[in-house]
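Trainee: Chain by chain, the residues:
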Amino acid sequence: MNTTAIISVIAYVALAPAAGGLLAGFDRKISARMQGRVGPPLLQPFYDLFKLLEKEPVTVNRVQDFYVLCCLIFMIITGGFFFAGGSLLLVIFTLTTASVFMVVAAYSSNSPYAQIGASRELLQIMAYEPMVLITAIGFFIVYRSFNVADIIAHPAPAVHYLAGIFLGFVFILTIKFRKSPFDLSMSHHAHQELVKGLTTEFSGKTLAMIELSHWYENIFLLGFVFLFFANGTTQWTVIAVLACLLAYFLEIFIDNSYARMKWQIAVNSSWIVALTAGGVNLLVLYFAIFGFGLGV
Amino acid sequence: MSYVTKSPWIIHYDGSSCNGCDIEVLACLTPMYDVERFGVINTGNPKHADIFLVTGSVNAQNISVVKQIYEQMPRPKVVVAVGICAASAGIFKECYNIIGGVDKAIPVDVYVPGCAARPEAIIDGVVKGLSVLEEKRKSLKEELAAETVKAGMDFKAEGEEREGA
Ligand code: SF4
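So the protein lines, in turn, are chains A and B.
Counting in this note's numbering, the first sequence runs from 1 upward without gaps.
Counting in this note's numbering, the second sequence runs from 297 upward without gaps.
Isolated chain A (complex conformation) (with noise of 0.2 Å):
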């Protein structure tokens, strides 16, 4: 590990809350926007944050705040490896384990209406863990490396080789930011949906543990978009940047846009999608590379 991915390491660590916690106020301000109300300040997630560990601790069970502990630190080691630049199929693992976690937490609590959001929760990792992995297959066929360092560093933009790839995550960013139609499990604007999901019986520091963890995870996110356009040079980061705001942006408006779908389409299309967009763009480079010794 070299100085440079220290620096980002401790950078996302220290600073991913607070960047996390503003995009959360933004989102909550242009969505209030959209729908013709003024909204709340943009510093309200913050507010929400440290309201929360304010009040009286109330769990159901010893080992909740566990799971959800876990769930934070595993989000946080998810985002650190990426940021470090390592491998992405680790990336993908950890943030796999941190959702899971999440997952027995709510089937933890044996609220009735947890165990639902839990059992939908499955179902949307179901849905997107798939579009994931071809993510990573995707970059490793263009730059015969998982790492994250090695993508960054290569001069060619990955996004010229994997469009369809990209469209394919940007579909599956809608379930992975809770956002509408695909926020099933636990959604941002409909608090009596479900009475809050995975969120049920949990109240106070848990919840804000939860609150937390959804911001790395946000950050990290949005870290993934980045690496589709970033090589390096000042002009593509500009462009990669740009285009992680834009890409929230769309999942925003999408968000206002969309009433809630079953969980058979959220499945079913994440899935056509990544078959399609991911499948295709993945045969199309194969061809190009071993057919046609066209590689990078």
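In short, the hints are calculated from the structure, not lab data.
Among the hints, a few may not be true.
[Said to hold, decoys possible] Short derived list, chain A residues pointing at chain B, Cβ under 10 Å:
1) E54
2) F202
3) S203
C-beta: ideal position from N, C-alpha, C; glycine also.
Dock chain B with the ligand against chain A, hints included.
Mentor: Chain B with the ligand alone, transformed into the frame defined by chain A:
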């Protein structure tokens, strides 16, 4: 400065009301009044809520529900009774099943009068509730701190006892 007054999450329960006050409560969320300006969120989950907004009176059927929702809310928490029904059972007072206002079931901090209570009055009531919430937060903090100290003392005393034995 505490954050609990900046992010009051509300749970709304409809007792024996005529539904008039409930419509006014929901009107607060519309673009016209937009209570999210104050960080207010209408949650459906007592465990996430800070303010319990009750409309309508308490009757023989729902008294246990009102109590249960109140008990599930983590402290600090505030109860706002919206409308005359919630204050004193209002127009339904003489009905055979009505027990009375919300204060027959749980302690109420703020009464919002009106039949129906206007959205402005409801927002006003919630804002009034915030100062009560702040007071309750302070006393809760002291209470929790005292509990921690007591737990520590007990632990120490236990240890000393064990050493002595
Ligand atoms: S106070 Fe009036 S408007 Fe409100 S619930 Fe009672 S009868 Fe209906």
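Trainee: None of the hints should be skipped; say for each whether it holds.
Mentor: Checked hints:
1. E54: holds, 5 Å
2. F202: holds, 7 Å
3. S203: holds, 4 Å
The structure shown violates none of the earlier numbered hints.
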